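Asks: Single-letter residue listing:
There are 2 protein chains.
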Amino acid sequence: MTYCVAITMDAGLVFCSDSRTNAGVDQVSTYSKMFHFKIADERELIILSAGNLATTQAVVSQVKRDIRDEALTSLKTLPDISEAASYLGEISRLEQEKHSSVGGPNAGASFEASFIIGGQIGSDKPRLAMVYPQGNHITTSKDTPYLQIGESKYGKPILDRILNRTTSLENASRCALVSMDSTMRSNLTVGPPIELAVYPTDSFATTRFRYDDDDDYLRDLKKAWDQYLIEAFDRLPPLQWSDAQSPGE
Amino acid sequence: MTYCVAITMDAGLVFCSDSRTNAGVDQVSTYSKMFHFKIADERELIILSAGNLATTQAVVSQVKRDIRDEALTSLKTLPDISEAASYLGEISRLEQEKHSSVGGPNAGASFEASFIIGGQIGSDKPRLAMVYPQGNHITTSKDTPYLQIGESKYGKPILDRILNRTTSLENASRCALVSMDSTMRSNLTVGPPIELAVYPTDSFATTRFRYDDDDDYLRDLKKAWDQYLIEAFDRLPPLQWSDAQSPGE
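Going down the list, the protein sequences come from chains W and Z. Taking my numbering, the leading residue of the first sequence gets 18, the next gets one more, and so forth. Taking my numbering, the leading residue of the second sequence gets 18, the next gets one more, and so forth.
Because the hints were derived from the structure by calculation, they are not lab data. Check each hint, because a few of them may be wrong.
Note that the list lumps identical chains together, so a pair holds whenever it fits in one copy or between two copies.
[As the list claims (entries may be wrong)] For lysine-lysine, the following DSSO-like pairs were computed, each having C-alpha atoms within a straight-line distance of at most 27 Å:
| # | residue 1 | residue 2 |
| --- | --- | --- |
| 1 | Lys159 | Lys239 |
| 2 | Lys159 | Lys240 |
| 3 | Lys159 | Lys142 |
| 4 | Lys142 | Lys93 |
| 5 | Lys93 | Lys115 |
Note that this is a predicted model, so its numbers are computed, not measured.
Pulled out of the complex, with its shape left as it was, chain W reads as follows (with noise of 0.2 Å):
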């Protein structure tokens, strides 16, 4: 399994990925779900991926030879996220089928996988879209500024409360890092380490971050979260016993 998010503001983009990849609870082996493209200096794409590894592997490799081999149509010369992600769809499409032919030996299995791109090009705002396994893709909204992919249900609260489009980087960064923690304490197929991108608007430049399964940073982020939550609790108004109702049934 896995959980990948990422999250547009105003103030720019921030993607966050776990690395666990599992078939099965006793084949666990780490991979990174993040891959960033810099191009130029206008252009400034990162991809998140879950599902079927051998799929997701070979996608992003189609898509780094595309630009090596400085094909018509790669990374470097899309004009903007959203033909970005067709072409990623198009690409994801295309394996899977290879490999999942009717009547063929795996007739039937399922190589699915998704992607969040994300990025800046040129002058065009920072946009994020989510590439679902058959191809087509969505983006975000004024009201839902986050995409997920993978494990999504755990993690999907806190971002509900707290993001939205004037939040800031910092705060969508360590709203990110909460919701992972929310969802590895939930699903043991989501394990560190936790990689995080931070692309502030019009910059070009993305700022990341990896953090092991030991790092001081997100140890003192949990337990400050765990401790702050339970003051909360404990500021919360009190139950009104006087509603209370007579037993029935």
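Since chain W is already given, all that's left is putting chain Z on it; use the hints.
Replies: Structure of chain Z alone, referenced to chain W:
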């Protein structure tokens, strides 16, 4: 969909359930999923239900009928929560089989239901059990003092962070309500009224609350929690920008 959670602590038990049922998004109704059984002065039991509404209603009717008819085996006679859970599981399994017989017109259809049963019987300490659709059941442990049925993922992280055996009934109640609020925000098919039941150990008296959509207390609780979370966020240790890595691939 449904979300129900039950918590066991040294101080007693807390139960919380939503009241929305749906068959598709355009067929939404309101039904209580919490059933309270007060039997003589030495038995206090609560059942929470999730899953197919026809199944859960049939099961609860049978449970009530067995009590009324003074059946040999009923919640009135069973010696402990574990046997009560087996009894409930058996009724549920038989009810499901009745309607999904192989080869019949409903072959392959699912009438699954899950239950949480908890309470105190005589001098035994208060206990909880969760009954699977297959009729078997599990109980809580020292490290996992709660059970959930239905849409459980969104509301789980807050339970993991707050609850343990020594949590007060007051805090567990608020934790259950916050967990419910997180779930309602993220899944439209979980909705009010919210029911809450609080059972203090050895009291043989359950206090029940019902919160409608526009309930003042629930609104205050949500608002306070949102505000305290944002305050807690602002206090979290700042990102260590010195940890940033040079952009790589």
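Asks: Take the hints in turn and mark each one as holding or not.
Replies: Against the structure, the hints:
Taking the closest pair of Cα atoms, lysine 159 and lysine 239 come within 27 Å of each other only across two copies (22 Å); inside a single copy the shortest separation is 29 Å, beyond that limit. Taking identical chains as interchangeable, the C-alpha atoms of lysine 159 and lysine 240 lie at most 27 Å apart only when they sit on different chains, with a minimum of 22 Å there against 32 Å within one chain. Taking the closest pair of Cα atoms, lysine 159 and lysine 142 come within 27 Å of each other only inside a single copy of the chain (14 Å); across copies the shortest separation is 51 Å, beyond that limit. For the identical chains of this complex, lysine 142 and lysine 93 are intra-copy neighbours only, at 17 Å inside a copy versus 67 Å across copies, given an alpha-carbon limit of 27 Å.
Proximity of lysine 93 and lysine 115 under a CA criterion of 27 Å is satisfied intra-copy only: 26 Å inside one chain copy versus 62 Å between copies.
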